[in-house]
Every structure is written in C-alpha cells, then in structure tokens.
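Colleague: Residue numbers (the UniProt record's numbering), protein chains in the order written: chain A, 1 to 89; chain B, 1 to 89; chain C, 1 to 89; chain D, 1 to 89; chain E, 1 to 89; chain F, 1 to 89; chain G, 1 to 89.
Among these hints, one or two may not hold up.
[Stated by the list, open to error] Think about it this way: if two alpha-carbon atoms lie no more than 30 Å apart in a straight line, the pair counts; the simulated BS3-like pairs of lysine-lysine are: (1) LYS62/F <-> LYS86/E; (2) LYS13/A <-> LYS62/B; (3) LYS86/F <-> LYS74/E; (4) LYS62/E <-> LYS13/D; (5) LYS13/C <-> LYS4/D; (6) LYS13/B <-> LYS54/C; (7) LYS74/F <-> LYS4/G; (8) LYS54/G <-> LYS4/A.
These are computed hints drawn from the structure, not numbers from a lab.
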Amino acid sequence: MNIKPLGNRLLIKPIVEEKKTDGGIVLPDSAKEKPQRALVIEVGSLEDDYDINKGDKVIFAKFAGTEIEMNDEKHIIIDVDDILAKVED
Amino acid sequence: MNIKPLGNRLLIKPIVEEKKTDGGIVLPDSAKEKPQRALVIEVGSLEDDYDINKGDKVIFAKFAGTEIEMNDEKHIIIDVDDILAKVED
Amino acid sequence: MNIKPLGNRLLIKPIVEEKKTDGGIVLPDSAKEKPQRALVIEVGSLEDDYDINKGDKVIFAKFAGTEIEMNDEKHIIIDVDDILAKVED
Amino acid sequence: MNIKPLGNRLLIKPIVEEKKTDGGIVLPDSAKEKPQRALVIEVGSLEDDYDINKGDKVIFAKFAGTEIEMNDEKHIIIDVDDILAKVED
Amino acid sequence: MNIKPLGNRLLIKPIVEEKKTDGGIVLPDSAKEKPQRALVIEVGSLEDDYDINKGDKVIFAKFAGTEIEMNDEKHIIIDVDDILAKVED
Amino acid sequence: MNIKPLGNRLLIKPIVEEKKTDGGIVLPDSAKEKPQRALVIEVGSLEDDYDINKGDKVIFAKFAGTEIEMNDEKHIIIDVDDILAKVED
Amino acid sequence: MNIKPLGNRLLIKPIVEEKKTDGGIVLPDSAKEKPQRALVIEVGSLEDDYDINKGDKVIFAKFAGTEIEMNDEKHIIIDVDDILAKVED
C-alpha cells in the first residue's frame, strides 16, 4: 500500500527512542513522552522554498498531524509548517 | 438519488474496516475508532491543482465534514482540504 | 409577504422527512434529527460561480442560518457557503 | 434628538409583534421570542452595492447590534451584514 | 495634563445620565446601566473618511476601550470602530 | 546591560503612582490597580507613522506585553499597538 | 548532532540564572520562574529585515516555542516573532 500526501503535507514515521530513567529502568510506552523525531517517508506537492525530502530526519511539533496505521506501524500525515527543523547526525 | 457537492467539496463513502482485538474478538461498531479511509463518490467544482477524482481511495481528517445518509448508507460531504492523502494499493 | 435575502444568502424551506424507528414507530418531532434537506425558495445576489436556483433541492449544514417563520411555516435564511450539495432525484 | 450611524451601520426599530399562544392567550413581553423584524430609521455611509434604505422593512440577526433608547423606544444600531433580508408585504 | 490618543483612537468622556426608576427613585451609580453616550475630548490620527471631531456627542459600544482617570474624572480611550453613531440634539 | 526591542516593540518602565484611599491610607502594592502610565526607555524599529520616542510618557493597555527585570526594576516589552496615548504634562 | 531550524525559526538555548530568595536561599528548579534569556544557537532562513545572528543573546516570550533535548541540554525551537529583544551586556 502506498500513501501519497496531498498539498503541502508530508507522511512521516516517528522515531521511537528507547528511554531509560536515571536509575536505568526502561520505560513502557505509555510513560514516555511523545516522540518528536521522525523520518520523512513521502512528500506532497510542496512549494519550492521548502527544502525537505524523502529520507530526511526531522523534528515535528508535538500533537500536530493525523496518525494513521500503515503496514502495522504508526505514521503521521502532517502539514509542512509543523516540521520545525531538520536533523543532521 | 444523486448528490452533487458544491464548491470544493467531495462526497465520500467511508470504508469500514473489520477490526479484531489482539485476542481475535470482532469489535462491535461503537468500540471501533472512526474510519479514516473513504472512496470518492462525487467531486464538486475543484480548482485544477487538486488531483482527486471519482473512484480514488483517500484518507480524510477524522470528525471533518457532514454525515448524510444516501441509499441507507452513511456518506460524508467534506471539504477538499480535509482530504489528507490518496491511497494506492 | 415576500422575503428577499440580502448578499449571498438564500431563503430555504427545510423538507421534513417522516421517520420511523426500526420497530415502525413514527417519531415525534423532538426526537427526530434536524432535517438537512431543503427547497430553495428565494436567492439573494449570489456571485456568478454559484449554480443554485429557485426550486433546487439542497443539503445544508446543520445548525447553520437563522430560522424565521413565514406563512406559519419554518424557513431558514442561510449563507450560500452553508449549502453543501444539490440533490437530483 | 437625531442619531446618525457611522460607517456601514444602520439604526433600526424592532417591530414588536403581538403574539398569542395556541390557546389565545397574549404573552407578556418576557415570554416572547426576540423580534426579528425591524424598520430602517437611519442609514450610515453604506457602500453602493447594498440596497437598503430608510423605511425598508428588514429581518435582522437575533442578538446582533447594540440596543439604545431613543424617545423612550428601543432601537438598535446594527451592522449592515447582520441584516439578513428585506421584507415586502 | 494632556492626553493625545495614538492611531485611530479617541479620548472620550462618558455622559452620566441621571436615571430615575418608574417610581421616581434616583438610582445609585452601581444600579445604573453603563452609560453609552460620550463627548469626544481628543481625536488621534484618524483616516479621512471618519467624520468625528472634538466636541461631537457619540454613542459608543459598551465595554469597549480602556478606562483612565484624568483630572479625577473617568475617561475612555477607545478605538474609532467602537464609536457606533453621532448624536445631534 | 542594554535591551534593544525587536520589530515594532518598545521597552517601557511603568510609573508607579502612590495611591491613597479616601481616608488617606497608603495602599500596599497588591491592593493597587495595575499602573497604566510608563516612560519609554527604548524603541524598536517602528514604521515611520508612529510618533513615539525615548523619553515619552505613554498610557499602555493593561496586561499587555511581557514583564522583564532590568537593573532590579520592572520593565515591560510591549507592542506599539498596545500604546494607547501619549501624555503631555 | 546538528539541528537546522526551518523557515523563520531559531534554535535557542535558555540561560538558566541562579536565583536566590531575599533570605539567600538558592531555589530549586521547580520554584524558579521560566527563564527568559537565551543564546541563539542556530538560525533558520529568516527574511532580511530581521537582525538576529548566531551568538546573540535574546529575550524570548515565555511559553513560546517547542522544547527539545540536544546533547542532554534543553533547547527551544522558536519562531522569530517570539524573540522580543536583543540583550547587549
């Protein structure tokens, strides 16, 4: 299945970071904060002055966008204005 | 009966996905999340830069649009901006 | 008495559909949902790109517009943008 | 005393309709709905495409405008966009 | 002390009208409605199409503007759009 | 330390007015109303049609702007549109 | 890791000021006000008329922006319009 975002939207896949407490305990999902990093999976028809491409790693605004399930994994369709920054490792 | 959406609206028909719990129990309607996929039944007078046509499968924003009944089935009249993505199987 | 809507407003008359429960009981008025279909009685000074005329049957947004009484029947003065679709039988 | 509305505002005087219940009882003021018809008393500096003049009978949006007292009678200063329709008897 | 309103604001001084009940009792201040008439004391730099000048008597929108004290009397700095009408005696 | 407001903002310093009750009691700070007069300390890059300069005394909208501490005194960074009037003694 | 803000956003690092009570007690983090000063770490693609650069010290609007963690230190991605002033020591 293939999802093509419309307009200036993106399909992103949140990067779930393992998180330990100070004491070294791995937290279950519900106790973690919402992830803020994501991988860009698919790009809609953005205007030229946006420099975001498939495969980029980005930081996105918490609670923005619409969650959908695709191949049993959580993805988000999100407006390009809710992408705050690009991450370069 | 024929319904012709006005302006940049669409008539869509939600695709109800059967959903089982992890334990294999089929959930009754009220326990399911709102469906997010739909089939485009009829298209209003969209501007040219929208690439959505009758028969497309789309993902739409939850709670958007107005539900109407047509031939005893639930349909939604929805603004094109609430169509988030196209789905290609 | 004659009512001429101003600007891009319409005068419409809701079509009250008789509604029975599954068991065949006719519901009293207060138990029915608000009707969503209406007949266009009078049209204001709409811009050209709206294709709505006297006598059209339309679907309108619930709770939109202002109810008025005319010849002892409920009518609604409504903005053309709250007309969602035209109905062709 | 003379009141000249500013900008695209009008001075209107609500038409109080006597109202009887089905059983023929005349309702006291507080039990009536807010009146929706009014006489146009004075017109501000409207743009040309509004066709409203002194002496017209109009329907106005409930709760719109500001009530003022003038010669011991209730009047309303109201924006022209809250005038919904003209009434012709 | 001299106060010069900035932009399209006015300095006005509400006209407190003595008010008696039907029985002839003069109401104390707190039992009166907010006054709606005022005298224009000072005018900011209004655009030309506003015809309001020092000394005009006006009707203003209740609760609009900011109250200030000047020479121990209550004045209001108010936006010109909250001036509803001019009063000519 | 020097603070330079950005865009059409100003740095102002509220003028705290001593206030006595009618009986002559000086009120403690918490019992006073918020001060509304201020001295303009620094001006951002205002457009030409604003006539506000360092050293002006102004009246500002209550609760507008952001309080900051500078040299142990309360100052406010405030948008020029929240400056209501200039005061000339 | 490198974070590049998109559009007219900045990456800033709040300057945590040690704060003592009047009695000389150092307050724990939760009892302090939110810091309002920050160092500009990285600048997005601002329009020319903004004069903000890497290394500037700025005052920013409380509660604005999105907190992210970078090298185990709290940073904020913030819109340039929420930068209130520049600080020059």
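Colleague: Between LYS62/F and LYS86/E, is the straight-line Cα distance small enough, at 30 Å or below?
Modeller: 28 Å, holds
Colleague: Straight-line Cα separation of LYS13/B and LYS54/C no greater than 30 Å?
Modeller: 29 Å, holds
Colleague: Next pair to validate is LYS62/E with LYS13/D; report whether the Cα-Cα distance is within 30 Å.
Modeller: 19 Å, holds
Colleague: Is the straight-line distance between the alpha-carbon of LYS54/G and that of LYS4/A 30 Å or less?
Modeller: 37 Å, violated
Colleague: Verify the proposed pairing of LYS13/A with LYS62/B, using a straight-line Cα cut of 30 Å.
Modeller: Holds - the C-alpha atoms of LYS62/B and LYS13/A are around 19 Å apart, at most 30 Å.
Colleague: Starting from LYS13/C, check that the Cα of LYS4/D is at most 30 Å away, please.
Modeller: 36 Å, violated
Colleague: What's the verdict on LYS74/F and LYS4/G, does the C-alpha distance respect the 30 Å limit or exceed it?
Modeller: With a Cα-Cα distance of about 35 Å, the restraint between LYS74/F and LYS4/G is violated, given a limit of 30 Å.
Colleague: Taken at face value, is the distance from the CA of LYS74/E to the CA of LYS86/F at most 30 Å?
Modeller: 17 Å, holds
This entry does not satisfy hints 5, 7 and 8, going by the numbered hints stated previously.
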